[in-house]
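Asker: Each chain is listed here by its residues.
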Amino acid sequence: MNVVAKFEIPYYQCLDESSILHGNLPDSVKDTKQLVKLYRLMVLLRIFDTKAIALQRTGKLGTYPSTRGQEAVFVGMGAALANDDVFVPYYRDVGTLIQRGVKLSDILLYWGGDERGNCYHKDSEDFPYSVPVGSQPLHGAGIATALKIRGEKRAVLVTCGDGASSQGDFYEALNVAGAWKLPIVFVVSNNQWAISVPRSAQSASQTIAQKAVAAGIEGEQVDGNDVIAVCDRVTLALKKAREKNEPVLLEILSYRQSDHTTADDASRYEPQGIREKEWLKEPIGRMRKYLEAAKLWDEEKEKALQAECSVDVEGVVKEYLNTPPQSPESMFDSLYAKLPDIYLEQREQLIQKEIVAHG
Amino acid sequence: MADITLVEAITQALAYEMRKDKDVVILGEDVGKDGGVFRATLGLLNEFGPERVRDTPLAESMIAGLAIGMAAQGLKPVAEFQFMGFIYPAYDQIVNHAARIRNRTRGRLSCPVVFRTPYGAGIHAPEHHSESTEAIFAHIPGLRVVVPSSPARAYGLLLASIRDPDPVIFLEPSRLYRWAKQEVPDDGKALPLDVCFTLRVGTDVTLVTWGAMVKETLAAADTLAKQGISAEVIDVATIKPLDIETILASVEKTGRCVIIHEAARSCGVGADISAQIAERGLMFLQAPVQRVTGYDTIVPYARLEKLYIPNEKQILAAVTNVMEFA
Ligand SMILES: Cc1ncc(C[n+]2csc(CCOP(=O)(O)OP(=O)(O)O)c2C)c(N)n1
Ligand SMILES: [Mg+2]
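Residue numbers (my numbering), protein chains in the order written: chain A, 1 to 359; chain B, 1 to 326.
These are calculated hints, taken from the structure and not from any lab test.
Keep in mind that the hints are not guaranteed to be accurate.
[What the hints assert, rightly or not] Computed footprint of chain B on chain A, listed as stretches where at least three residues anywhere in the stretch have a Cβ under 8 angstroms from a Cβ of chain B:
(1) 103-112
(2) 143-149
(3) 164-178
(4) 275-285
Note that the Cβ used here is the ideal one computed from N, Cα and C, for glycine as well.
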């Protein structure tokens with residue numbers, strides 16, 4: 001017998017559960033301003049998240065998927081992206097989007113049931129949220145193909161959940177990224193659950209990261225409760241993609257500290273006590289403790305930040321609630337570049353229906 | 001100028017547009033050296049190189065998903081699926097993403113992709129190689145479904161489809177790939193999408209069809225002419241959006257209509273055409289609309305497929321029905 005293939009999956013962590021930094025701060029997150037910025041964004045995210053759930057509970061927002069407990073994953077990724085990289089998100093993301101110039105009010109607009117939440121700013125090449133689970137890694141690979149054909153030194157970052165890693169499209173995307181040497185980074189945000197199905201039931205594979213191996217690309221695990229590690233590993237992966245056309249798969253591990261969405265009740269399936277146990281690794285407290293020990297943060301700054309974020313979020317909510325509705329015919333107006341004449345009659349009927357209903 | 005076949009007209013259109021527009025990129029299985037299983041991309045790898053003529057790994061959802069990402073970046077991908085029976089893994093990508101990305105970003109992103117595939121029975125191929133399932137695409141808002149039925153229309157409609165800023169499902173009747181030759185000037189002139197082509201003007205009955213069935217329908221019209229019946233033949237060409245006005249105007253003139261398609265009968269595109277005639281043209285009709293279609297069964301293997309495909313006799317019988325209706 002000869003061994004013809006062997007692999008190892010590294011696991012990266014900088015800041016451990018007790019907020020002890022192992023080794024030096026990585027180059028990509030050395031600046032203390034950057035450290036504080038990451039922390040502030042995570043705090044903003046959690047305050048926004050709590051508010052979004054409250055809006056849903058009071059009938060002012062549709063179904064919303066909480067990011068509680070996963071703040072470091074998204075904030076770290078967002079900070080790692082270069083402006084001219086292209087981002088392809090899945091639905092459970094706020095922290096990356098806000099670093100891509102997307103307004104928090106647009107995110108509320110989306111979950112409030114308004115397509116304009118996907119407009120972003122007009123020059124954005126980023127994709128909107130993908131709801132069909134696991135379908136978007138292929139779009140990322142397509143975008144990366146275009147960047148490569150044009151010889152541009154830019155990269156694509158595409159994200160999905162652990163459940164999504166069971167989809168065929170996910171493997172097809174990893175596979176083609178390897179075969180074509182595409183400038184792309186795949187992130188699986190492993191929050192241990194796909195609605196009610198635990199990670200262990202999703203796949204017998206010891207890690208999701210090792211799924212990269214069969215595609216001939218690199219895979220690694222990162223502590224997703226450690227914003228420093230996330231930011232650094234994604235930064236390095238994007239650099240590799242941009243400069244060497246070497247795709248990377250990062251499995252970023254955290255825990256979903258919430259129901260799947262506001263329409264879910266995790267108490268029906270989540271074993272008791274596990275969430276509390278996982279909370280001990282939670283990313284915001286971990287980072288705060290580190291910053292305080294490094295004399296970069298204190299109680300006063302925390303109070304000021306909490307107040308500031310609350311005011312900001314209130315402003316965002318006001319903007320969202322005051323957004324005038326779309327016209328009824330907007331449901332036709334972006335269907336094609338130019339609506340075929342044959343559908344003009346239906347469009348007109350819709351307008352009449354609206355007048356009858358509200359006029 | 002030599003006459004060319006329908007599949008050669010496809011190649012000619014692809015080459016023309018790739019020369020003119022560097023954003024046009026071909027991807028699919030075996031489209032490179034092999035030139036595709038029907039040779040529709042023959043010679044393109046040599047002329048345009050492997051960056052623009054891309055042999056993909058063997059995965060159809062991947063082909064569609066890649067094309068969507070490439071198109072969002074401003075390329076104009078022409079994606080080939082080897083047979084329509086293998087396009088279904090890509091259906092999710094086409095329906096959930098290609099058809100919707102413009103709408104859900106309110107025009108910020110778009111999807112100018114052509115999804116090409118040979119379709120239809122009659123070439124003695126193995127199972128899954130003979131499907132006509134255009135209706136499942138025609139049902140989807142945001143898509144165009146285009147079917148050429150001659151070399152000239154293949155050339156002109158493919159150019160139009162590549163230039164169209166929205167996704168087009170381009171269905172090439174494999175039975176007609178090498179059936180008839182025709183002179184097709186390589187002048188880059190596109191034909192209009194979203195309109196029917198009246199292939200033959202007549203006054204007694206309107207025959208509405210598309211794709212490979214144009215062949216039997218034109219033959220039937222010839223036979224009918226000898227019997228003193230003047231048939232108007234309409235090639236729908238763009239199935240979605242459907243140019244019902246041309247069909248209604250013809251039915252107003254003739255008072256009779258037979259719809260012919262190879263696809264299974266139930267929920268076929270013929271049902272929608274018939275419904276629209278009933279809604280808006282009932283008063284023109286001197287007889288109920290008739291449909292001549294494939295049967296509501298799985299397309300049989302090669303030995304029986306000829307029986308499955310509607311033939312001229314069935315068309316003539318349906319015309320007799322509408323002519324003799326009292
Ligand atoms: C293709 C598809 N199947 C099913 C669903 C319904 N659904 C929405 S989210 C979800 C679980 C996804 O889990 P995961 O990928 O781990 O992401 P998470 O929500 O945990 O972040 C399911 C089954 C869907 N949106 N898309
Ligand atoms: Mg999950």
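Asker: For each hint, tell me whether it holds in the structure or not.
Answerer: Results for each hint:
1. 103-112: violated (count 0)
2. 143-149: holds (count 6)
3. 164-178: Our answer is that it holds, as 6 residues pass the Cβ test (under 8 angstroms) against chain B, meeting three.
4. 275-285: violated (count 0)
This entry does not satisfy hints 1, 4, going by the numbered hints stated previously.
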